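Per the numbering used here, numbering through the sequence shown is continuous, rising by one, with the last residue being 294.
By construction, these hints were calculated from the structure, which means they are not laboratory data.
Computed from a predicted model, the values in this text were never measured in an experiment.
Glycine residues also receive a C-beta, built at the ideal position from the N, C-alpha and C atoms.
It cannot be assumed that every hint is accurate.
[Stated by the list, open to error] Below, in silico cross-link-like pairs of lysine-lysine (DSSO-like), each with a Cα-Cα straight-line distance of 27 angstroms or less:
no.	residue 1	residue 2
1	Lys-164	Lys-257
2	Lys-164	Lys-265
3	Lys-156	Lys-257
4	Lys-257	Lys-108
[What the hints assert, rightly or not] Here are the in silico distance ranges between beta carbons for each label pair:
no.	residue 1	residue 2	range
5	Gly-210	Glu-167	41 to 47 angstroms
6	Met-1	Ser-207	17 to 23 angstroms
7	Arg-90	Arg-70	43 to 49 angstroms
8	Arg-267	Met-1	24 to 30 angstroms
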Amino acid sequence: MRILITGRNGQVGAALEQSLQGLGELVALDRSQLDLANLDAVRSAVRELRPALVINAAAYTAVDLAESERALAFRINADAPRVLAEEAERVGAALIHYSTDYVFDGSKDGAWLEDDQPAPLSVYGHSKLAGEQAIADVGGIHLILRTSWVYGLTGKNFLLTMLKLAETRDQLSIVDDQIGAPTWSRTIAEATAAVIRSAGEPAQLASDTGIYHLCAGGHTSWFGFAQRIFSHAQVAQRPALRAISTAEYPTPAVRPKNSMLNTDKFRRRFGDLPAWDEALDTCLQLRGDPAMKA
Numbered sequence: 001m002r003i004l005i006t007g008r009n010g011q012v013g014a015a016l017e018q019s020l021q022g023l024g025e026l027v028a029l030d031r032s033q034l035d036l037a038n039l040d041a042v043r044s045a046v047r048e049l050r051p052a053l054v055i056n057a058a059a060y061t062a063v064d065l066a067e068s069e070r071a072l073a074f075r076i077n078a079d080a081p082r083v084l085a086e087e088a089e090r091v092g093a094a095l096i097h098y099s100t101d102y103v104f105d106g107s108k109d110g111a112w113l114e115d116d117q118p119a120p121l122s123v124y125g126h127s128k129l130a131g132e133q134a135i136a137d138v139g140g141i142h143l144i145l146r147t148s149w150v151y152g153l154t155g156k157n158f159l160l161t162m163l164k165l166a167e168t169r170d171q172l173s174i175v176d177d178q179i180g181a182p183t184w185s186r187t188i189a190e191a192t193a194a195v196i197r198s199a200g201e202p203a204q205l206a207s208d209t210g211i212y213h214l215c216a217g218g219h220t221s222w223f224g225f226a227q228r229i230f231s232h233a234q235v236a237q238r239p240a241l242r243a244i245s246t247a248e249y250p251t252p253a254v255r256p257k258n259s260m261l262n263t264d265k266f267r268r269r270f271g272d273l274p275a276w277d278e279a280l281d282t283c284l285q286l287r288g289d290p291a292m293k294a
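Kindly generate the complete structure, drawing on both the sequences and the hints.
Have a look at this one:
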């Protein structure tokens, strides 16, 4: 079974290349090998490789920059997934695509369900929702996995930003009124592996086609996330943390206040997911081992 993975050097893509070993012939491509902004290249790659499964781990994720780069964000997050879905269906492949909590406006009191009405607040959120809708419109065998607050030991993310800032700052102000589930890239990759194993063959995912929420268990705020990082990370100095409101930290893109995703549907079908704090602790324990950085 040939598995095509886009976004090889991204947080999720790098983790997938490790977690999916033994499940098939992995063809993992980075942006230099397959740029999702080049739709003709996307078509050609799928037609030439003829995979049984396409996993789209590439995305435009610069949330604030997307406000001024709308066209590029939509090309990568909406147009490219549509082409991947079309070409996957053409060659008889299944498609696994990752989406985000940012498709919601954050106004709900409880955790968001898969069939709750999306209402993005940002260009990034709109582009990711458009990607979901494009895949669904094409049809074919597909799983759209929405996740939240992704971090890892590679790339750009909140965890690495905190660790970097701690080298030069003795105090950090962190937003405390946005809540969600920090999700380790390896959690996503291992859950994806569980999806593949459950099917045996990608074609067997046909009965599972649809949207699933895939994130770590529990929830916290960005402030709580930072507290956990510095209580468990090995750092030369631990900065003092000050809780602030979203209003005190304005950004070009509006973030949802409530990013909690209900993962019951995924858990019932594919298995359990770790608690966010336990996964973070494990990630930090592996931080010193270069071979484990994903």
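Here is how each hint holds up against the structure:
Between Lys-164 and Lys-257 the CA atoms are separated by roughly 25 angstroms; this keeps the pair inside 27 angstroms, and the hint holds. For the suggested pair Lys-164 and Lys-265, the alpha carbons sit about 36 angstroms apart, so the restraint of at most 27 angstroms is broken. For the hint linking Lys-156 to Lys-257, the alpha-carbon distance of about 22 angstroms falls within 27 angstroms, and the restraint holds. Note on Lys-257 and Lys-108: the hinted pairing holds, with a Cα-Cα distance of about 9 angstroms set against a maximum of 27 angstroms.
Under the hint 41 to 47 angstroms, the C-beta atoms of Gly-210 and Glu-167, about 44 angstroms apart, fit the expected range. For the hinted restraint 17 to 23 angstroms between Met-1 and Ser-207, the CB-CB distance of approximately 18 angstroms keeps it satisfied. At roughly 29 angstroms, the beta carbons of Arg-90 and Arg-70 sit outside the given window of 43 to 49 angstroms. Taken as a hint, the range 24 to 30 angstroms holds for the pair Arg-267 and Met-1, whose Cβ atoms sit roughly 25 angstroms apart.
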